[in-house]
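Visitor: Mapping to UniProt numbering: the sequence shown position 37 is 37, numbers consecutive.
In case anyone wonders, no lab produced these hints; they're calculated from the structure.
Careful: at least some of the hints might be erroneous.
What the hints assert, rightly or not - Beta-carbon label-pair distances, calculated as ranges:
{"id": "1", "residue 1": "106", "residue 2": "41", "range": "48 to 56 Å"}
{"id": "2", "residue 1": "49", "residue 2": "215", "range": "20 to 28 Å"}
{"id": "3", "residue 1": "207", "residue 2": "111", "range": "42 to 50 Å"}
{"id": "4", "residue 1": "56", "residue 2": "127", "range": "12 to 20 Å"}
{"id": "5", "residue 1": "166", "residue 2": "18", "range": "32 to 40 Å"}
{"id": "6", "residue 1": "111", "residue 2": "216", "range": "40 to 48 Å"}
For glycine and all other residues, C-beta sits at the position ideal for the given N, C-alpha and C.
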Amino acid sequence: MLQEAWHTPDLRPYGDRVLVGPWLASQHLQRARHELFRRDYEQGVLPLQNTRRMKANLLRPQTLAAPDALLRLGDVVQVLAPDMPAFSLAGGRGHLGVFLAGTVDDAEVDRCQFLSEGSRLHGSAQTEPCVRNAWRLCAEDGTARLDGCPLRLGQCFTLRAVEAGTRCPLYIRAQCNTTNEVGCGPPRLELSTTCDTYCRWRALHCDKHRRPETEGGTFPANMRLVLQHAASNLNLAASAGGKRHWVLTFFGRECKIGLRNYTDQYGQVTSENVWMLGVQRLRDRRTELPCPAPELYPPLPPPADPCPWAPDATCPQERACPPPPPVLPPQCPPPPPLLPPPCPPPQQRKSDCTADMPCQRDTKVTPHGTNYICTPSCP
1 MLQEAWHTPD
11 LRPYGDRVLV
21 GPWLASQHLQ
31 RARHELFRRD
41 YEQGVLPLQN
51 TRRMKANLLR
61 PQTLAAPDAL
71 LRLGDVVQVL
81 APDMPAFSLA
91 GGRGHLGVFL
101 AGTVDDAEVD
111 RCQFLSEGSR
121 LHGSAQTEPC
131 VRNAWRLCAE
141 DGTARLDGCP
151 LRLGQCFTLR
161 AVEAGTRCPL
171 YIRAQCNTTN
181 EVGCGPPRLE
191 LSTTCDTYCR
201 WRALHCDKHR
211 RPETEGGTFP
221 ANMRLVLQHA
231 ASNLNLAASA
241 GGKRHWVLTF
251 FGRECKIGLR
261 NYTDQYGQVT
271 SENVWMLGVQ
281 RLRDRRTELP
291 CPAPELYPPL
301 PPPADPCPWA
311 PDATCPQERA
321 CPPPPPVLPP
331 QCPPPPPLLP
341 PPCPPPQQRK
351 SDCTADMPCQ
361 RDTKVTPHGT
371 NYICTPSCP
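Can you make the complete structure from the sequences, with help from the hints?
Guide: Here it is in structure tokens:
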């Protein structure tokens with residue numbers, strides 16, 4: 001009954017003129033949206049274009065410092081947690097190794113496609129050195145006045161990003177919470193253009209019993225260390241134990257990085273606080289050599305024009321094909337040279353001498369008598 005009433009012309013809720021009006025309005029709205037999308041596409045401000053530009057900027061490859069006996073200020077290194085497993089899609093433990101890397105959130109990608117003020121830090125499984133996971137070792141004031149000097153255990157230094165989207169360089173900073181701030185918890189780790197005491201770090205030995213004797217000494221690269229925040233005495237930690245410690249970014253699943261002291265029952269630091277300042281490996285080292293000039297080969301001669309006519313056909317232009325080259329017989333190798341017969345060995349007895357081998361009396365006298373030497377007459 002309802003279907004019959006609906007199809008009745010008198011019971012329709014809207015007429016044809018009313019239906020044409022919303023249809024025209026939707027067409028104008030669709031046309032306006034298309035024009036707006038086209039304008040944003042030409043200007044390059046679409047979310048997809050911003051994301052691609054951000055990935056191209058942050059994944060630009062970088063060259064790490066060359067391997068040396070000592071780690072020095074001014075070197076470009078990677079901060080690696082060697083004992084922390086990376087994220088695995090299968091649900092199990094991935095390969096070991098998490099790199100400290102900066103990232104851009106989805107709320108910031110529309111306004112900035114570089115590392116900027118306030119960018120967060122995560123633990124990435126990407127091993128190739130690039131803009132987001134390469135850091136430069138600088139002095140405690142953030143300048144390059146001590147570049148080239150060896151870095152010592154217990155010495156304060158700063159970690160600066162190799163490239164930034166701001167005029168001022170970016171430093172890894174962890175500001176401690178004060179009593180005037182609402183809430184509590186560990187300091188927030190982020191990038192900042194302000195280089196103060198909250199940007200200073202210290203490299204300590206992993207074994208707490210050896211720290212007093214190793215303080216002030218130099219150390220090589222790729223050594224297991226503890227990176228301690230100078231302002232709070234908290235260690236840099238990679239939290240990759242549970243699922244709640246992993247966040248989803250534009251570069252995949254990455255673990256959270258913070259400041260916290262992880263110790264075992266003996267007071268020793270655990271794998272969450274163990275880091276390495278890695279440089280370029282010998283097998284991955286790139287040698288910057290000048291490219292050789294391309295070899296200039298002489299141009300090849302043009303191919304011979306074959307005779308287009310068959311042997312039994314008559315050439316209208318009286319053009320004869322060149323005769324084929326004569327077939328030369330194979331050359332025999334030269335005979336080997338005739339060598340003289342070898343000389344027989346000298347004889348020690350007089351009875352062995354012949355006409356061709358005259359005997360000579362030896363001047364050496366033995367108990368058995370006089371020795372005779374037969375010298376052959378060789379040509």
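Visitor: Within 40 to 48 Å or not, the Cβ separation of residue 111 and residue 216?
Guide: About 45 Å separates the Cβ atoms of residue 111 and residue 216, which means 40 to 48 Å holds.
Visitor: In this structure, is the beta-carbon distance linking residue 49 and residue 215 contained in 20 to 28 Å?
Guide: About 51 Å separates the Cβ atoms of residue 49 and residue 215, which means 20 to 28 Å is violated.
Visitor: Assuming the hint says 12 to 20 Å, is it satisfied by the Cβ distance from residue 56 to residue 127 or not?
Guide: 19 Å, holds
Visitor: If I claimed the Cβ atoms of residue 106 and residue 41 lie 48 to 56 Å apart, would that claim hold in this structure?
Guide: Because 20 Å falls outside the window, the suggested range is violated.
Visitor: Using the Cβ atoms, figure out if residue 166 sits within 32 to 40 Å of residue 18.
Guide: Once the Cβ atoms are compared, 56 Å apart, the range 32 to 40 Å for residue 18 and residue 166 is violated.
Visitor: A range of 42 to 50 Å was offered for this pair. Does it hold for the Cβ distance of residue 207 and residue 111?
Guide: 46 Å, holds
The structure fails to meet hints 1, 2 and 5 from the earlier list, while all remaining hints are met.
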